[in-house]
Amino acid sequence: MGQPQYRLEGIVHTRSETMEDFEGPLDVIFLLLSKNKIEIQDVSITAILDQYLAYLDEMKRLDMEIASEFITMASHLMLIKTKMLLSAAEQAEAESELDLLRQSLVERRRKEAMEQIRKAVTELELRNEIGRCLFTKDPEPLRRDKTYRYQHDIRDILRALDMIAERNARQLPPPTANFMGIVGKEPYPIGRKTGEVLRQLVLRGMERLKNLFRGNKTRSEVVATFLAVLDLCKNNKVVLEDDINGDNPNVRLLDAMEGEKLT
Amino acid sequence: MELEEQKRAIEAILFASGERVEISRLSAVLEVDENEIEAAADALLDTYAFERRGIRIVKLERGYQMVSAGEMADYVTRALETRKPPKLSSSQLETLTIIAYYQPATKAMVEQIRGVDSAYSVAALLNKKLIEEAGRLNVPGRPIQYQTTADFLRTFGLRSLEELPPIEKIAFGEPVELPEPPGEEA
Numbered sequence: 025m026g027q028p029q030y031r032l033e034g035i036v037h038t039r040s041e042t043m044e045d046f047e048g049p050l051d052v053i054f055l056l057l058s059k060n061k062i063e064i065q066d067v068s069i070t071a072i073l074d075q076y077l078a079y080l081d082e083m084k085r086l087d088m089e090i091a092s093e094f095i096t097m098a099s100h101l102m103l104i105k106t107k108m109l110l111s112a113a114e115q116a117e118a119e120s121e122l123d124l125l126r127q128s129l130v131e132r133r134r135k136e137a138m139e140q141i142r143k144a145v146t147e148l149e150l151r152n153e154i155g156r157c158l159f160t161k162d163p164e165p166l167r168r169d170k171t172y173r174y175q176h177d178i179r180d181i182l183r184a185l186d187m188i189a190e191r192n193a194r195q196l197p198p199p200t201a202n203f204m205g206i207v208g209k210e211p212y213p214i215g216r217k218t219g220e221v222l223r224q225l226v227l228r229g230m231e232r233l234k235n236l237f238r239g240n241k242t243r244s245e246v247v248a249t250f251l252a253v254l255d256l257c258k259n260n261k262v263v264l265e266d267d268i269n270g271d272n273p274n275v276r277l278l279d280a281m282e283g284e285k286l287t
Numbered sequence: 306m307e308l309e310e311q312k313r314a315i316e317a318i319l320f321a322s323g324e325r326v327e328i329s330r331l332s333a334v335l336e337v338d339e340n341e342i343e344a345a346a347d348a349l350l351d352t353y354a355f356e357r358r359g360i361r362i363v364k365l366e367r368g369y370q371m372v373s374a375g376e377m378a379d380y381v382t383r384a385l386e387t388r389k390p391p392k393l394s395s396s397q398l399e400t401l402t403i404i405a406y407y408q409p410a411t412k413a414m415v416e417q418i419r420g421v422d423s424a425y426s427v428a429a430l431l432n433k434k435l436i437e438e439a440g441r442l443n444v445p446g447r448p449i450q451y452q453t454t455a456d457f458l459r460t461f462g463l464r465s466l467e468e469l470p471p472i473e474k475i476a477f478g479e480p481v482e483l484p485e486p487p488g489e490e491a
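Here the protein sequences line up with chains L and C, keeping their order.
In case it helps, the numbering used here puts the first sequence at residues 25 to 287.
In case it helps, the numbering used here puts the second sequence at residues 306 to 491.
Keep in mind that the hints were calculated from the coordinates and are not lab data.
One should not assume that every hint holds.
Here are the simulated EDC-like pairs of lysine to aspartate or glutamate, each with C-alpha atoms no more than 20 Å apart in a straight line [unchecked claim]:
| no. | chain 1 | residue 1 | chain 2 | residue 2 |
| --- | --- | --- | --- | --- |
| 1 | C | K412 | C | E438 |
| 2 | C | K389 | L | E153 |
| 3 | L | K261 | L | D279 |
| 4 | L | K161 | C | E473 |
| 5 | L | K107 | L | E121 |
| 6 | L | K135 | C | E416 |
| 7 | C | K392 | L | E153 |
| 8 | C | K474 | L | E139 |
| 9 | C | K392 | L | D279 |
| 10 | C | K474 | C | D456 |
| 11 | C | K364 | L | D162 |
| 12 | C | K412 | L | E121 |
| 13 | C | K364 | L | E153 |
| 14 | L | K143 | C | D379 |
| 15 | C | K392 | C | E376 |
| 16 | C | K474 | L | E147 |
| 17 | C | K389 | L | E149 |
| 18 | L | K161 | C | E324 |
| 19 | L | K161 | C | E376 |
| 20 | L | K143 | C | E416 |
| 21 | C | K434 | L | D162 |
| 22 | L | K135 | L | E147 |
| 23 | C | K433 | L | D162 |
| 24 | C | K392 | L | E147 |
| 25 | L | K261 | L | E220 |
| 26 | C | K412 | L | E136 |
| 27 | L | K161 | C | D456 |
| 28 | C | K389 | L | E131 |
| 29 | C | K433 | L | E149 |
| 30 | L | K135 | C | E473 |
| 31 | L | K161 | C | E316 |
| 32 | L | K135 | C | D422 |
| 33 | C | K474 | L | E136 |
| 34 | L | K161 | C | E386 |
| 35 | L | K143 | C | E468 |
Computed footprint of chain C on chain L, listed as stretches where at least three residues anywhere in the stretch have a Cβ under 8 Å from a Cβ of chain C [claimed, not checked]:
| no. | stretch |
| --- | --- |
| 36 | 138–150 |
| 37 | 153–159 |
The beta carbon of each residue, even a glycine, is placed where N, CA and C say it ideally should be.
For reference, chain C alone in the conformation it holds in the complex (with noise of 0.2 Å):
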């Protein structure tokens, strides 16, 4: 399959699909390696953001989705006459802000870092799509882990998890350990 055709093929498919699209997917279906896939793919991506389109692909980790500009999201608005998603309260920035640096990461961990139970937080995320389970860490009561999801990386304009601002994390591995009593081997 020669370049303009896969770039024509990826079009119609991200068009239909609406959600993101897995680049070993395209790669299986149209029957072309996935380095080629990708190639073609960006080259299209680039089509439409040089020809600043009205329609944008973005790349989320190692898939693509097909998006209304940015710019034009005010039309839209008032053309459709719907609103914007609303904005994430503050406490479900945070929670979810833990999650994408510290990920897998559980709630106990969130709660950990934030001194507040987050509950509600990581339930309202995970309805939101932002977030997703990711099995469970095995621990006593073996504690759902959750990981952040590609409408994740949509929502913040990120094409993958290393394009996070850079943040100083820190070792919570290992808890202080409680100082041995003195004396008392005695």
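Only chain L is shown next, with the shape it has when bound in the complex (with noise of 0.2 Å):
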């Protein structure tokens, strides 16, 4: 059961601007109206259904199904063709037409590529049975052998007595003066740095916090002048008070009366 080939006279661009003509079934028709490759005034109807009483005459019977299908496909091109002659305005639903058909054309392409696939399904569901059939096995594991098999001189044991006797040597261990400058630490006591700041907010009556930290040689000495002034403020012996800024507070010294009353 064949498809029915239609020849149409001079209507397929070609890319030296003449026309040639077409011969093929009636989908090659659509799809190549929807790439623009013929016009749709070009094609003429009669002429297909000319050719495909034609074809049926020669197959001296009414294939339902291929009739059916031209029906449709038929139709649709008609409409399409006289919505294209009818006017401008129709043209826009006319291209919505041909743009539905395009989408047709694919989705045929793909139950197409379906149908083979499914076609080899079932060759391979069969085939699959073969292969279940077919047990194999893991790999050996491999075991690491543990004998040790390297080649050793008799000098090598001599060259490890020479070491240990090397290590215990060294046994002592290296002088502090070595470490000079890499390690060490110098930590700056909090009690002094205390009584420090006390004696400088007792001159001074207030001090801005910052200034406290001025003449700090260390880094111990600013942490340990950081942990008084935390201290004292614990202790109730100064306070923190915000500078308009609000960025540098002062601390002030508490006279007796007032510490006993936060207290």
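Both chains are sitting in their own frames, so use the hints and assemble them into the complex.
This is how it looks when you write it as structure tokens:
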């Protein structure tokens, strides 16, 4: 059972700007239409119908499947063509019809591909039965052999002994002088710093917090200053008051009465 | 290395390996030309088949694997109280077939042909080692491409992909173009 082939003269655009004849089934006409390879005005429906009837004559019988397919396709074609010919306003509609047609062609191509796949699936499914009967085994596990296989010279043993002797010679820890400048700590006693801060505040009554750090020589001293201020705050000896700008608080010494009140 | 010796070596390696061993690997290990290895392995394969042994050797693309004979499957399953590996579901089978024919194929490709979401099937096939990743497609999103494995060939009793039943492949390379809206250039 074949598809009727159609022959239309001089309608296909070619690269050389001349028109060529077309030959092929109806859906190819649609495909070419959708790709603007032929103009809808150029397609003669009478020619297609004539050829279709001639084809059916040749078949000497009405093949219902081809006939119905022809009727859907041809009526579609006719509809598009009428719209195209009628007015420019209807052209947009005709174009969307073409779009739908294009989509249906894509879908058709997909279905064809899927049909092919299904065909292969049925064959492969049978083959799968063969494969499922073949059993395989896992690879042999690799066992790691722990036997030592290197060759050594007798002098290696002497060298090892030398190394032991050398290590024993260095048993005393190296003098701390070796570590000067590498490690070392110089903690600044907080108690001493507290005294210093208090003395400064007694002298001046109030001091900006930042100024307390002025003259601090080491990191440890900076830390000590900070902790000293915190400690004094905790014991209600001093109080931190916000500056107007709020960025550099003042440290004010509290007198004994004020301190009592807060405790 | 003479032929009989080669056959013995190949037999031992295939037994111990269990998995497929590539011809190139056998050739490197035995220090024998690949063609010679192939001839020796083929001869070994034929011997097993001719004597209808319980163990067979199957050729999978450019490699060999030792398997139990298919006719003995019933005895094997009974003795080991196991079952044959479960059949592939129809959606997995479809996905696998599409990848087999269109490989390297992306998930999008599979879904385009099947017309339904196939993420689960692809994942299941990856799990079963019937497909494997094969690089990424150089398009936006860089989707992963998949190809079939040697296990796939064995599972379907194929020696190579060329033995897949012939079908008419539809070219999906170029999508159907949208017709240019006429009159808009004016």
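Quick rundown of the hints versus the structure:
1. C:K412 / C:E438: Roughly 11 Å between the alpha carbons, so the hint for K412 of chain C and E438 of chain C holds.
2. C:K389 / L:E153: holds, 10 Å
3. L:K261 / L:D279: Holds - the C-alpha atoms of D279 of chain L and K261 of chain L are around 8 Å apart, at most 20 Å.
4. L:K161 / C:E473: violated, 37 Å
5. L:K107 / L:E121: holds, 10 Å
6. L:K135 / C:E416: Holds, at about 12 Å.
7. C:K392 / L:E153: holds, 9 Å
8. C:K474 / L:E139: Satisfied, since the Cα-Cα distance of roughly 10 Å is no more than 20 Å.
9. C:K392 / L:D279: violated, 92 Å
10. C:K474 / C:D456: violated, 24 Å
11. C:K364 / L:D162: The given pair, whose Cα atoms are some 18 Å apart, holds under the 20 Å limit.
12. C:K412 / L:E121: Roughly 31 Å separates the two Cα atoms, so the pair is violated.
13. C:K364 / L:E153: OK: K364 of chain C and E153 of chain L at ~18 Å, within 20 Å.
14. L:K143 / C:D379: Violated, at roughly 29 Å.
15. C:K392 / C:E376: OK: K392 of chain C and E376 of chain C at ~18 Å, within 20 Å.
16. C:K474 / L:E147: holds, 16 Å
17. C:K389 / L:E149: Given pair K389 of chain C, E149 of chain L holds - Cα atoms ~15 Å apart, limit 20 Å.
18. L:K161 / C:E324: Given that 20 Å is the threshold and the Cα spacing comes to 7 Å, the pair holds.
19. L:K161 / C:E376: holds, 17 Å
20. L:K143 / C:E416: Distance of about 18 Å is within 20 Å: holds.
21. C:K434 / L:D162: Between K434 of chain C and D162 of chain L the Cα gap is close to 14 Å, so the pair holds against 20 Å.
22. L:K135 / L:E147: The given pair, whose Cα atoms are some 19 Å apart, holds under the 20 Å limit.
23. C:K433 / L:D162: holds, 15 Å
24. C:K392 / L:E147: At roughly 14 Å apart (the allowed maximum being 20 Å), E147 of chain L and K392 of chain C satisfy the hint.
25. L:K261 / L:E220: Distance ~14 Å between K261 of chain L and E220 of chain L Cα, so the pair holds.
26. C:K412 / L:E136: holds, 19 Å
27. L:K161 / C:D456: Distance ~13 Å between K161 of chain L and D456 of chain C Cα, so the pair holds.
28. C:K389 / L:E131: Given pair K389 of chain C, E131 of chain L is violated - Cα atoms ~38 Å apart, limit 20 Å.
29. C:K433 / L:E149: The given pair, whose Cα atoms are some 16 Å apart, holds under the 20 Å limit.
30. L:K135 / C:E473: holds, 12 Å
31. L:K161 / C:E316: holds, 14 Å
32. L:K135 / C:D422: holds, 16 Å
33. C:K474 / L:E136: Satisfied, since the Cα-Cα distance of roughly 9 Å is no more than 20 Å.
34. L:K161 / C:E386: holds, 15 Å
35. L:K143 / C:E468: holds, 15 Å
36. 138–150: holds (count 10)
37. 153–159: holds (count 6)
Violation of the numbered hints given earlier is confined to hints 4, 9, 10, 12, 14 and 28; the remaining hints are satisfied by the structure.
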